[in-house]
Amino acid sequence: MRTMSALLPRLALLCSLPIAACEHTTPLEWEPPEALPPASGEFPRRLTYNPGDDRSPSVSGGSLAFSRFEPGQEVSFPGGLPVAVRCIALMPPAGGTITAKHCPLPAPVPQDSVVTWVEPALSPDGSQIVYGRIKSHLLDVRPATRRLRVGPADDPAQFTIDWNAFWTMPDGRRPTTFIKPSWPDPGRLRFLAGVDSVFKIKGAGASRATDTITVAYALVDLELGTGQSAVVPGAESAIAYTPAPDGGTWIIELADSTRLMHLAPGSATAEEVGFFLEPALDIANVDGTPVAGHRSGKAEALDLETGLTRTVGRFDGPVLRVAAVPGSRQFVAEVEVITVSFVGPNGVPLSAGSANLWLVELP
Amino acid sequence: MLPDASPFTGALAPVLGGVLVLALSTALLPAKLTAQTGGVIVGQVTNAVNGEPVLGAQIEVGRGQHGAVSGAEGRYRVAEIRPGVYRVAVRAVGFKPVVQDSVVVSGGRATVINVQLAPEAVELPGLAVEARPDRLLDPRIAATVQQVTAADLRELPVTSIEQAVQLQAGVVEASFRGGRAGQEVLILDGMAVKNQLDAASGPAGIAIPPIAVSEVTLVTNGFSAQYGQALSGMVMAVTRDGGDRLEGTLALETDRLMGQGSDYGFDRLVAALSGPLFGGMRFFAALDARGRLDHEPVNAPVPTDTLDPRSEQPWVLPNNAGERYDLFGKLTIPVGSRNTLRLQGALSDDQRQLFDPVVKYSPAGSPAQRVSGGLAMAHFQHVTSPARSRTAVFDLRLGYFDKEAIRAPLCSTPDFQFGAFTFARWCFAGEDVARSRDTVAAMNRVPGFRVPTFASATPWGVPGFFMTDSPRGELAWNRFREGRARLDVYWGPGPDTDLRLGGEYVTQKVQSFTRLEAYETVAGGAPEPVTSEFSPFQASGYGEWVQRLSDVALTAGLRVDAFNPRSALDSGELKTRVAVGPRVAATAMIKDALIVGSWGHFAQPPDYQYLTDAAFDDTLRTGRFRRGNPGLGFETATQYELQVRFRPSPNTGVRIGAYVRRLDGLVASVPLGVDVDSAIFGNADFGDVRGMEFTLERDFVRGWGARISYVLQKAEATATNAEDFFRRFRITPVGDTVIPPTVSFPLDYDRRHALIVTARGRIPERAGPILGEFEGALVFRWGSGLPYTRTTVGGDSIIGMPNGERMPAQYAADILIRRPFRLGGARLGVYIDIRNITNRRNVVAVRRESGTPEAGEPQIEDAAQQAYGENPDPIPYESRRYRDFADSDGNGLVAGSSELLPLYQRAARDFLQPLLAFGTPRLFRLGVEVSF
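Chains A and B are the protein sequences, given in the same order. Remember, our numbering sits 199 above the position in the first sequence when you count from 1. Remember, our numbering sits 264 above the position in the second sequence when you count from 1.
Derived by calculation from the structure, the hints in this document are not laboratory data. Glycine included, C-beta positions come from ideal geometry on N, C-alpha and C. Just to be clear, a hint being listed does not mean it is correct.
To be verified - Covered by chain A, according to a simulated footprint, are these stretches of chain B (three or more residues, beta-carbon under 8 Å):
#, region
1, 572-582
2, 714-726
3, 1143-1152
Stated by the list, open to error - Facing chain A, according to a computed beta carbon distance under 8 Å, are these residues of chain B, among others:
#, residue
4, Arg520
5, Gly529
6, Gly1156
7, Leu1157
What the hints assert, rightly or not - Not the full set, but computed from the structure, chain B residues with beta-carbon under 7 Å of chain A:
#, residue
8, Leu557
9, Glu560
10, Asp1137
11, Pro1138
Based on the provided sequences and hints, a complete structural model is requested.
See the structure below:
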């Protein structure tokens, strides 16, 4: 008995020591579901099912970046129609769940303007992102300001470069917009300069309406370190561009948008290297093959050796933008679902609607 | 025009100022109605040979700071002794001295030591007989005193002084005898410590580790004229002095190892060290550190939806962790033979997340709170020579109290190191802005605050119910500081007479800052930041007199209080408010019963938060603005009580009492104009509390003791708390003014019936090495349901009278079992503390429209339909909100009432879980303690 009395306290003390080493039960925690894989393994593969609007795809830095509007992101003005607020979305190029979405902060009250983010493109290392910030005033279809901004990819609002996209080119033209920015190298941006064209829509139903489209007209380089911009020699009338395999640039010019022109490195003169069967709205270098998007809903690949083209994608709406997936034979197509067709300036047929992104693979 | 605070305020205010109060304090007759901080040793000195009384014997207590000289009939009385254990020596010329060790002195109670002195010429030894003080039948104790000893704090299943106090009759959570929260005051070692800024709604700011306390006394009636700042009760705590030898205690308490379902992430470390230093100086130091992964565990039912994460982890709520550190230190310094200086300080730091269902799935958006407090006190005591037949004790106390609180989101999720302990001070968003009270900078978005959006990282994905950040966007900060100087003089002109005089001056400073929706600019529609800074003062004086005549004791006292908020009003100096509080009591032994009757008038200044527009718990949150009122006066109470105490057997005591308390001038929200959402604080609430208390107690003898308390109470008034908008009011015939009501209704804390049973027992050593010496304590509490107001489904109209309905009754049983051991020179204890051992699911809140904790199916469906109606857009495959289990047709879109609406329904069911409507579940805690 006495032995037991002596042992008990020691046992109690010994047993208590491991208590502190035990971990507590974890409080209720819930892990969000893992990102979904691509919706299918087939091509063309639908990347976005957004009933809103996905535009301006670019693939770099390992991600697909695009400008996204989701229903519910509208800003309502008293007495006016709701205005869409566009955000920047990132997703794996092969598709699946969006990995990040960044939106502009709400405009301060009184809400007489709306801010929207467009034309995103990640830097090659994925750490930076360039995008356009557009501020528009209530009931004014023209942007009040348009800035080119560069900021951290994980928090674009903390921008480090803020460049006014309303500027004057050496030839006197005064662009008001930039289109399809890309990163030729970490310290330089390339984009198409253009203007916002405001016009009256005719034939859009019984009433006349005013709308704005952007019209590109030159390829421009912007040095991030100095803020200096310059028109790329030989690309003064480019309306679409993509890097060529030899380090030069393929461009489409306003004069004839079916012709694919090649601007060799160091050259100031573009030469025709082939032509598409329809006017090209945008072009992309997909594993060395030029691919164009057309208003007819086709995506067309051009064989530079034979000069022949073939349809590599066929959709129900215009293919407004194409973006190659580096290191693959795939490209992302911005396909519009037309909700209204109308005639634009100079009789150009135009349409409006919402767009989704698709992934297409060359055969 | 607003009603005045009290009838005394208006009449005397113009006459009596702060200076006059102090003057009165020295002129008025004293009276003692209740237990004081100090205790008393009384007795008779007789000749051991012939039994004759010995006159002129010197009685020395402790190191000689206290003492007395026996008078007529050999009787003596040593008063104002700090509770503790003392050595008592009795000497007389021609007699052998007698020394009695380990005499226990309790606050407000008499310890009887009768001494028989043997003449030096006789071979007889002297003898001291210590009679057990009968605290029940002591006619000097007129008040209803309930005492918690250090042993109680150690042996009962309680973790804090607050929990120990809640085991006493008449205490319902933070309500004492039907009073509102904040109508009580803590008297720590004879000095009041009260968070006068927001006592009704905020934490005290300071807590003393229970191990540092030698006893706690709860007084709920006729409390001493010595103390003010309270209407409903006093909690008097006496801290330990360092002893004559080095002593230490280390205890660990945890619910680790309990496994899922019983492990709520609780850890506690208690350490204390005390002993002598040099020159007679002694020290005491204690630390109580507590960490909780779930600060307030709830016993809510497990959800039925298997996709609800809580269905598998129903126990520990997320984003509800916290840690608390309470540190206490004390130096006891003898200064000469008649003086003692005590220097003591306490620091508390309590930081915790505040669980909010809205951000349940967004840890980064969870709000949090930190309350820190510091207290420094110096107490100088002078006792006149015991050789003088008339003892006098002078106590001069100086104190400084500083309390600071902030509530805001955290800069980052806490980095828990050990359980809920981070061992770091958390960073709060906007803390710098709040502390500097920079209202200009705060017009902008406050850094660290994020715009709340509907969270996508929820099981349901839908944009509804759950947010990324708190929509309140609250940044609230306040700081309350005060310096206090107090002088108490005790004079005992004879063994049957006590006189006390004293006064106090308190200078205070209040600073507060509130900014809501801090993620938005004020220009963008957020409420403007509100701040305040002012420096009130309080002054008081008192006198009290106790006279015992055989078996009758009379007490009478008068207290005068004054306060002035001073700079709370921009337009200039405010007048000083004065309140006079007479208190009388009489006790008489009739046969074997002690009859006690008391009457007293009490006053306390209003919480300073109601004097300005800015407050820590400001009602801006409700959208109903309450305007601060610098003109507020004292809140008052008048109480009558009659009590009978007797002993049906030597070890059993019974106390039966009935009381009536009239509360008046309590702060309430008074309608301002006819806008029902606009009000101003005013001294407009009044009500009555009537009650009866019955206590049956068996002293701890032969291995067990028990106490049964039953309270029958009815508390009705015109408002439950200051923010409570009058729910019944009239509009003047002209229609331009809303008149406050005169209808009283049950208060939120009106618990009609309450039963508390505490029992302790110890198995004798002879029961064997395993069972022998086991100690156990049981606490059982039962209370009838608290009232609530039933409303229509829409919630915009009440059904019946306010608080016309009752929630279900509650009960819980707690036990603590301890096994002490000896291990070498140390004492070891192992214990298990189990709260709510039956795992009773107590309902502590109900939905007003249904009277049940759970939302009904119609409410869930309505909430789901409303959320769906506001966000009916399909969710595409690539969205983070997409949930493949909901896309029944597999078209890459969760859309329509067949796919999307069920997600909203599940989210609504999740969101409306009545988590906080249920009380504490069964809690286990294992403890190990070592003392030397």
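Structure-based check of all given hints:
no. : hint      : result
1   : 572-582   : holds (count 8)
2   : 714-726   : holds (count 5)
3   : 1143-1152 : holds (count 5)
4   : Arg520    : 4 Å, holds
5   : Gly529    : 4 Å, holds
6   : Gly1156   : 4 Å, holds
7   : Leu1157   : 5 Å, holds
8   : Leu557    : 5 Å, holds
9   : Glu560    : 12 Å, violated
10  : Asp1137   : 4 Å, holds
11  : Pro1138   : 5 Å, holds
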